[in-house]
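Fit chain B to the supplied structure of chain A, relying on the hints for placement.
Residue-level listing of the chains:
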Amino acid sequence: MLDVIRAELRKLRRPTLFLGTMGAVVFFSGLFSALLYLLIDSPQGNADRGQVISREVLALASGGVQGFANVGGFLGIIALCVFAAQTAQEYTYGTLRNLLVRQPSRMKILLGKLIAMKLFALIMIIFSAIISIGTSVVLAPTVDVSTDLWFSSEGIEFIYTTFLNVTISVVGFGIIGMVLGLLLRSPISGISFGVLWLLIVENLLVAVENSTQSWLPGSQLTIIATGGSADVPYTQALATGGAYVAVGALVASILFLRRDVAN
Amino acid sequence: MVNTAISVSDLSKKYDDRLAVSHINFEVPLGTVCGFVGPNGSGKTTTMRMLLGLITPTTGHGHILGEPIEHPEKYLSRVGAMIEGPAFYPALSGHENLMVLARLGGFPAERVQTLLEKVGLGDRGKSKYKTYSLGMKQRLGIAAALLPEPKLLMLDEPTNGLDPEGIQEVRALLRDLANDGTTVFVSSHLLSELEIISDHIVMLRKGEIVFAGPIEDLMTKQQPIIIAKTLNHADLSHIAEIAEKSGHHAVIRDDAVHISAPIEWAPTLNRAAFDAGITLAQLAPQLPNLEETFFEMTGDK
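Respectively, the protein sequence lines represent chains A and B.
Reading the first sequence from the start, the letters are residues -15 to 247 in our numbering.
Reading the second sequence from the start, the letters are residues 207 to 507 in our numbering.
For reference, chain A alone in the conformation it holds in the complex (with noise of 0.2 Å):
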């Protein structure tokens, strides 16, 4: 399993894709949380759907951490998208046959990529962790927002539970990448349906009936990466992502095991 690892890494340490993936996590962490400030007291709102998020909310002791929650749900579209296009590339190039026959276990295979893959989306949220509170704790001061509960015992266990809560809905996120990839066999196809299903149909599903927030599957793992909403409790959310993650993976697990390597 450890060969299959390593293996893997060797492919997602290549520089246009590490650097690539980071350096657009730095940028998008970074602006992610700069606009909660340059924002604050803008009429149009400083976070998602043009919601406000006061100086007295920042100010709390799970402040510091707002900016790099709300970049989760961006972060697992990029998990969605490297997972999609690492998996789906072996069939498009013809390198699965390469991998089979040097790694007949198929599910050695699987767990291994996905393993590594995990890793490589753990170095991108610490990266974006990093960036988000450093820009926060940066420019807070300049818009009159008090951090002195920021890294309080309080605080650092909101750094803690946040990290949590956007690794998991981040590794949802890319599992499901994962899954397009082994179901459509194509990066294009798999990042495509993923992107278009999260960003645009599900934002249009929410904007004509709010109430289908509780049960989307890209809301659930968005609003595990915020701890909840007040519209969807955490557990609540946690249950139905962890469920549309666990039957996307059977099935898509049961297909790669069986089916033919053909291509």
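Since the hints were made in silico from the structure, they are not lab data.
You may find that some hints are simply not true.
Here are the in silico distance ranges between beta carbons for each label pair [claimed, not checked]:
(1) B:D329 / A:A246: 33 to 39 Å
(2) A:A223 / B:D329: 24 to 30 Å
(3) B:D216 / A:V231: 37 to 43 Å
(4) B:A378 / A:M91: 38 to 44 Å
(5) B:Q492 / A:I172: 51 to 57 Å
(6) A:K92 / B:P491: 26 to 32 Å
(7) B:A378 / A:K92: 34 to 40 Å
(8) A:K92 / B:T262: 15 to 21 Å
(9) A:A223 / B:A297: 56 to 62 Å
(10) A:S173 / B:E355: 35 to 41 Å
(11) A:S173 / B:D216: 37 to 43 Å
(12) B:T264 / A:M91: 19 to 25 Å
(13) A:A246 / B:T320: 56 to 62 Å
(14) A:I184 / B:A378: 55 to 61 Å
If we take Cβ atoms under 8 Å as the criterion, some of the chain B residues that face chain A in the derived model are [stated by the list, open to error]:
(15) L260
(16) T262
(17) G266
(18) R284
(19) M305
(20) P314
(21) L368
(22) G372
To give an idea of the interface, some chain B residues facing chain A are shown, with a C-beta separation under 7 Å as derived from the structure [as the list claims (entries may be wrong)]:
(23) G259
(24) P278
(25) A287
(26) A293
(27) V306
(28) G311
Positions of the beta carbon are idealized from the N, C-alpha and C atoms, including for glycine.
Same frame as chain A, now just chain B:
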């Protein structure tokens, strides 16, 4: 003690209504070079995929190095393969691509550079795969197949895209491997190359075995041809008549008569021509080569 590298019995693969491989049986002895030939779409690659555990047979059984093909994990660590051309990650270098496979199979990393040198890519190992020519990609595919120091090497069209020098190198490499005890199971469209290096031949047509066995058996099964040329072109038809009267099929092609007859009949023809006052300019008994045999047996031309 197992003495066959590959043995299959009643092996079939059906895709929907199409039978890609139909109840084939053949054996490849250990330590031989076995040519796997057949027209496009005859089922060669499908057979190789079944032998490597990539696709599940519809019927039948097989053994690779004594292990059942239902358990590829028991033999793949001793098998090297390149199926349907080389397939690698374009953004990684040749060296990195081999490292991925070396890690995956648990092979020593030092072997990668050795193999790159062996296939003539020692100085291009750090270049990205996407910058390689077709011949270089093919060489990298062969290097990947050699990673496990295989007891059985399965190569699908390994000389595609190689220049004559490269083809000669691959031929020598395969022969060397066989001399060292590696069994080589190789498909190629270059039948003249296979004829030179193969000890055995497995011939497929429309998913069915046409011939499987030692190449000598295949060639001796073929009717030899006696080619006769006369000093006077007008005498060719007379020679053809002599042959037909003796019960041998004769055809005039260009400036010679091609007679399907045993080689031993050549002296008889020589005497008959002399008695008829015909001077023969050439009398050459000839066995058909693998390519001619292939076309005759597969009915491809």
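- Per-residue hint verdict: B:R284, partner chain A, C-beta under 8 Å: Status violated, d = 11 Å.
- Message: Can you tell me whether the CB distance of A:I184 to B:A378 sits inside 55 to 61 Å?
- Response: holds (59 Å)
- Identify whether the interface hint at B:G259 stands, where standing means a beta carbon of chain A within less than 7 Å of its own. holds (6 Å)
- Message: Between the beta carbons of B:Q492 and A:I172, is the distance compatible with 51 to 57 Å?
- Response: holds (56 Å)
- Item | Hint status (Cβ of B:G266 to nearest Cβ of chain A, threshold 8 Å) | Not OK, violated: B:G266 not within 8 Å of chain A, min 15 Å.
- Query: Regarding B:D329 and A:A246, is the given constraint of 33 to 39 Å on their beta-carbon distance met?
  - Reply: holds (36 Å)
- Should the hint that A:A246 and B:T320 are 56 to 62 Å apart at their CB atoms be regarded as holding? Between A:A246 and B:T320, where Cβ atoms are some 33 Å apart, the hint is violated.
- Determine whether the Cβ-Cβ distance between A:K92 and B:T262 falls within the hinted range of 15 to 21 Å. holds (19 Å)
- Given B:A293 as an interface hint, is the shortest Cβ-Cβ distance to chain A below 7 Å? For B:A293, the interface hint holds, since the closest Cβ of chain A sits about 3 Å away, which is under 7 Å.
- Do the numbers back the hint for B:P278, that is, is its least Cβ distance to chain A under 7 Å? Nearest chain A Cβ about 4 Å off; hint holds.
- Does the hinted range 37 to 43 Å hold for B:D216 and A:V231 at CB? holds (39 Å)
- Query: Given B:M305 was flagged as interface, is its beta-carbon under 8 Å from a beta-carbon of chain A?
  - Reply: holds (6 Å)
When held up to the earlier numbered hints, the structure conflicts with 2, 6, 9, 13, 17, 18, 20, 21, 22 and fits the remainder.
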